[in-house]
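Novice: Listed below, chain by chain, are the residues.
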Amino acid sequence: THFLFHSLQAKMSRPVQARRLEGIDKNIWVEFVKLAATYSKVNLGQGFPDFPAPDFLTEALTRALGGGNHMLHQYTRAFGHPPLVKVLAQFFGKLLGRDLDPMTNVMVTVGAYQALFCCFQALVDEGDEVIIIEPFFDCYEPMVKMAGGTPVFVPLRPNPPKDGKLMSSADWQLDPAELASKFSEKTKAIVLNSPNNPLGKVFSREELGLIAELCVKHDVLCISDEVYEWLVYDGKQHIRIASLQGMWDRTVIIGSAGKTFSATGWKVGWVVGPDRLLQHLRTVHQNSVYHCATIAQEAVAQGFQRELMLYGKPESYFVQLPKELQQKRDWLVQSLDGVGMKPIIPEGTYFLVADISPFKSDVPDVPNSDEPYDSRFAKWMVKNKGLAAIPLSAFYSEAHKNNYPNFIRFCFAKEEATLKAASDILQKWKQEKNSS
Amino acid sequence: MFLASRNFCCRGIKLRTDLLSRSIKHSTSATMPFRHKNTRRIEGLDSNVWVEFTKVAADPSIVNLGQGLPDISPPSYVKEELAKVAAVDRLNQYTRGFGHPSLVKALSQVYEKVCGRKIDPLTDILVTVGAYGSLFSTIQALIEEGDEVIIIEPFYDCYEPMVKMAGAKPVFIPLRCKNDGNSASSADWVLDPAELANKFNSKTKAIILNTPHNPIGKVFTLEELQVIADLCIKHDTLCISDEVYEWLVYKGNKHIKIATLPGMWERTVTIGSAGKTYSVTGWKLGWSIGPEYLIKHLQVVHQNTLYTCPTPLQEALAQAFWMDYKRMDDPDCYFYSLSRELESKRDRMAQLLTEAGLKPVIPDGGYFMIVDVSTLNVDLSDVDEKQPYDYKFVKWMIASKKLSAIPLSAFCGPETKKQFEKYIRFCFIKKDSTLDAAEVILKNWNK
Numbered sequence: 001t002h003f004l005f006h007s008l009q010a011k012m013s014r015p016v017q018a019r020r021l022e023g024i025d026k027n028i029w030v031e032f033v034k035l036a037a038t039y040s041k042v043n044l045g046q047g048f049p050d051f052p053a054p055d056f057l058t059e060a061l062t063r064a065l066g067g068g069n070h071m072l073h074q075y076t077r078a079f080g081h082p083p084l085v086k087v088l089a090q091f092f093g094k095l096l097g098r099d100l101d102p103m104t105n106v107m108v109t110v111g112a113y114q115a116l117f118c119c120f121q122a123l124v125d126e127g128d129e130v131i132i133i134e135p136f137f138d139c140y141e142p143m144v145k146m147a148g149g150t151p152v153f154v155p156l157r158p159n160p161p162k163d164g165k166l167m168s169s170a171d172w173q174l175d176p177a178e179l180a181s182k183f184s185e186k187t188k189a190i191v192l193n194s195p196n197n198p199l200g201k202v203f204s205r206e207e208l209g210l211i212a213e214l215c216v217k218h219d220v221l222c223i224s225d226e227v228y229e230w231l232v233y234d235g236k237q238h239i240r241i242a243s244l245q246g247m248w249d250r251t252v253i254i255g256s257a258g259k260t261f262s263a264t265g266w267k268v269g270w271v272v273g274p275d276r277l278l279q280h281l282r283t284v285h286q287n288s289v290y291h292c293a294t295i296a297q298e299a300v301a302q303g304f305q306r307e308l309m310l311y312g313k314p315e316s317y318f319v320q321l322p323k324e325l326q327q328k329r330d331w332l333v334q335s336l337d338g339v340g341m342k343p344i345i346p347e348g349t350y351f352l353v354a355d356i357s358p359f360k361s362d363v364p365d366v367p368n369s370d371e372p373y374d375s376r377f378a379k380w381m382v383k384n385k386g387l388a389a390i391p392l393s394a395f396y397s398e399a400h401k402n403n404y405p406n407f408i409r410f411c412f413a414k415e416e417a418t419l420k421a422a423s424d425i426l427q428k429w430k431q432e433k434n435s436s
Numbered sequence: 001m002f003l004a005s006r007n008f009c010c011r012g013i014k015l016r017t018d019l020l021s022r023s024i025k026h027s028t029s030a031t032m033p034f035r036h037k038n039t040r041r042i043e044g045l046d047s048n049v050w051v052e053f054t055k056v057a058a059d060p061s062i063v064n065l066g067q068g069l070p071d072i073s074p075p076s077y078v079k080e081e082l083a084k085v086a087a088v089d090r091l092n093q094y095t096r097g098f099g100h101p102s103l104v105k106a107l108s109q110v111y112e113k114v115c116g117r118k119i120d121p122l123t124d125i126l127v128t129v130g131a132y133g134s135l136f137s138t139i140q141a142l143i144e145e146g147d148e149v150i151i152i153e154p155f156y157d158c159y160e161p162m163v164k165m166a167g168a169k170p171v172f173i174p175l176r177c178k179n180d181g182n183s184a185s186s187a188d189w190v191l192d193p194a195e196l197a198n199k200f201n202s203k204t205k206a207i208i209l210n211t212p213h214n215p216i217g218k219v220f221t222l223e224e225l226q227v228i229a230d231l232c233i234k235h236d237t238l239c240i241s242d243e244v245y246e247w248l249v250y251k252g253n254k255h256i257k258i259a260t261l262p263g264m265w266e267r268t269v270t271i272g273s274a275g276k277t278y279s280v281t282g283w284k285l286g287w288s289i290g291p292e293y294l295i296k297h298l299q300v301v302h303q304n305t306l307y308t309c310p311t312p313l314q315e316a317l318a319q320a321f322w323m324d325y326k327r328m329d330d331p332d333c334y335f336y337s338l339s340r341e342l343e344s345k346r347d348r349m350a351q352l353l354t355e356a357g358l359k360p361v362i363p364d365g366g367y368f369m370i371v372d373v374s375t376l377n378v379d380l381s382d383v384d385e386k387q388p389y390d391y392k393f394v395k396w397m398i399a400s401k402k403l404s405a406i407p408l409s410a411f412c413g414p415e416t417k418k419q420f421e422k423y424i425r426f427c428f429i430k431k432d433s434t435l436d437a438a439e440v441i442l443k444n445w446n447k
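So the sequences go chain by chain: A and B. In terms of UniProt numbering, the first sequence opens at residue 1 and continues consecutively. In terms of UniProt numbering, the second sequence opens at residue 1 and continues consecutively.
Keep in mind the hints are simulated off the structure, nothing from the lab. Warning: the hint list may mix true and false statements.
[To be verified] Below are the SDA-like pairs computed for lysine to any residue, each with C-alpha atoms no more than 20 Å apart in a straight line: (1) B/Lys418 / B/Val378; (2) B/Lys164 / A/Val16; (3) A/Lys145 / B/Lys296; (4) B/Lys296 / A/Trp29; (5) B/Lys84 / A/Pro54; (6) A/Lys186 / B/Phe34; (7) B/Lys296 / A/Gly23; (8) B/Lys169 / A/Pro15; (9) A/Lys182 / A/Pro155; (10) B/Lys296 / A/Glu31; (11) B/Lys296 / A/Ile28; (12) B/Lys296 / A/Glu22; (13) B/Lys431 / A/Met71; (14) B/Lys296 / A/Asp25; (15) A/Lys34 / B/Arg90; (16) B/Lys296 / A/Val33; (17) B/Lys37 / A/Asp128.
Assemble the whole structure, with the sequences as input and the hints as a guide.
Specialist: Written as structure tokens, this is what we have:
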């Protein structure tokens with residue numbers, strides 16, 4: 001507009017926004033969330049449950065509110081509400097076989113998202129390289145860039161089973177030599193996400209050992225995003241890389257109440273790690289958000305108290321949730337397989353990725369298109385079939401967005417009715433294709 | 001019982017955490033030197049000196065007027081809205097990243113009324129984790145290396161480290177007492193227009209304004225805002241306007257939004273706070289309001305830092321705002337009733353301090369009061385530490401009088417410590433029993 005141009009002429013030589021925002025303004029979620037809101041009848045896109053958070057958690061919030069302690073509406077300790085950091089230290093201390101100090105080995109953040117932000121801001125300087133394993137939760141790349149770092153990508157490569165069976169996320173693997181070649185003297189950190197979003201891969205002890213060895217050899221940090229730590233299936237075990245030899249001192253573990261307790265809207269996350277790394281995260285935290293909401297922390301603390309008491313028992317939410325989700329996984333796998341889409345069976349998380357090739361004829365290829373095929377397909381699908389999902393290219397770097405053009409990601413943390421409705425859409429779609 | 005704490009960055013004492021970390025490095029196995037230090041952007045920003053003062057705050061025998069948080073209850077309908085929300089399933093999941101729809105809608109309505117202009121809830125507003133988060137998003141979005149940012153002293157302590165973390169240079173200008181140091185009111189503290197003009201140059205990217213002002217309680221007048229606005233327009237500078245205490249203005253004063261002055265909307269980001277508006281500092285919700293072409297950059301920062309704020313709290317806040325929006329023309333609206341409640345606490349506090357021989361500076365707004373303690377002539381020259389007088393005084397007061405406050409030099413740049421070291425800051429958004437306890441101490445001061 002005219003008056004703006006006029007008033008900004010003096011400083012027009014450079015843009016009003018800071019350079020750190022360069023190249024990080026695009027965000028796939030903004031677009032796809034809007035599309036889902038507008039068109040979807042069944043939303044298997046964005047990763048959040050459509051079933052309720054567990055009663056014990058919402059009851060904890062209600063109790064806290066009804067308890068008459070109105071100071072729960074005021075600031076709590078900046079680095080984490082004492083009851084919460086105490087129980088987290090206890091809980092993760094047990095899991096890691098270590099004595100954790102709640103004041104220095106734990107910090108509470110606004111979701112795992114802000115924990116990631118603190119890690120990159122605290123530890124990644126201009127010129128540092130950060131290894132990111134593809135496909136990756138999309139925020140890692142822009143966060144590394146915002147910190148002035150250089151993302152270095154290394155792919156998980158699919159090794160399909162010879163017998164024609166459905167792939168498992170375990171069939172997507174790192175090539176050890178390729179991984180080793182990514183480590184340079186500039187490498188500051190590697191980001192590990194296990195269980196992995198979007199594939200659902202649960203890294204094995206051997207795979208983690210490979211990464212750990214390289215970290216130790218090159219003196220590299222590990223930012224370990226373990227938000228789906230409780231969502232592992234088929235009796236698999238989630239192994240914490242920080243428990244491997246030489247890793248505690250160089251790893252920051254990230255967790256999420258949103259994923260742990262099916263309450264993504266509460267935005268409570270945490271980091272666990274050695275003080276000499278967490279001290280720097282604290283500095284970032286105290287200069288960015290400073291405190292996290294008190295009452296949500298209070299309720300999450302109570303949720304963890306319950307789980308501490310029930311740990312390993314059948315009533316534990318950490319036992320029940322994966323059991324339920326495994327069933328939903330199997331259900332969706334069957335639905336997709338039944339219509340000819342080929343799902344990659346995830347070992348963990350509440351996502352799965354499927355090859356939609358038999359349905360490609362509905363969305364013709366557009367040569368020389370800027371947009372990856374899977375993204376166009378997903379948009380067509382939500383607009384025309386009312387089924388929302390996320391294109392796999394969302395989880396790849398710009399250079400590799402067209403590597404796997406036929407995959408889209410579905411979230412199965414959904415009520416039976418939702419999954420059934422998705423199945424109905426798919427069945428109808430297949431019938432239409434068969435009859436045409 | 002848990003610790004409700006408020007930490008401040010202090011310039012007087014630098015806690016040498018780097019010394020500590022070096023010693024840890026040596027004591028752990030050192031087969032390979034640990035090269036992983038802090039990044040450059042946070043160099044020197046780790047010091048958090050209120051360790052001492054917040055530890056003290058935990059002692060229940062101390063009457064704590066230091067921390068800037070209410071010990072009064074939030075209004076019951078606010079608490080009730082949150083309780084209602086807890087029962088709604090879908091409100092436990094992610095909401096819109098830039099702000100929960102019902103909340104940004106409510107904010108746009110309230111502020112449209114206040115500003116007299118159309119505010120688009122989706123493009124002109126960003127909801128953040130407290131006003132603190134708004135300050136961070138604004139500074140990260142719009143400030144970078146090579147920029148200068150003008151900060152008015154005394155200042156809310158986070159402005160300086162945030163500006164530094166963005167790689168920019170803080171340029172300080174002090175409020176000066178116009179009556180030769182004999183200040184009865186926050187209105188006595190003013191900027192020298194010529195001195196202010198001198199601080200602006202081609203590198204000046206923004207000025208941070210805080211009105212009503214923490215710690216002094218000054219409510220900038222239209223004339224004062226016009227001086228700042230004229231300079232912003234002349235030098236094409238942005239204005240970051242921290243207005244968290246916007247509703248807390250006392251009789252005879254009016255809070256004016258600098259964004260409503262001609263030429264200012266397009267260059268101002270205005271920051272507000274649910275914590276201060278509704279006495280719910282622990283909800284950590286704030287907002288930035290401004291023109292789309294500025295807010296969009298804050299939204300980019302937000303989507304790359306924490307993405308979205310908690311849903312249930314935003315929904316409850318939206319409901320509370322709707323209730324008060326409907327009665328914005330009614331004196332019972334909480335925005336005005338809280339201010340009346342606080343005015344009587346202010347007056348009570350001022351009286352107690354005066355009777356104890358102290359010289360309070362009566363604030364026109366906010367919930368802090370600064371006090372000149374030099375009149376007491378407490379001799380602390382034998383206290384060893386190389387700290388400004390006000391630090392020593394507060395420590396002495398905590399130990400001997402069981403009353404805590406915050407030393408004002410914590411809110412200053414390096415050049416102005418001498419100017420402010422005879423002042424300490426009290427917070428008066430406290431329940432009657434807290435003020436009663438303070439009264440006992442102050443009445444017995446000279447015994």
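Novice: Output the numbers, in ascending order, of every earlier hint that fails for this structure.
Specialist: none
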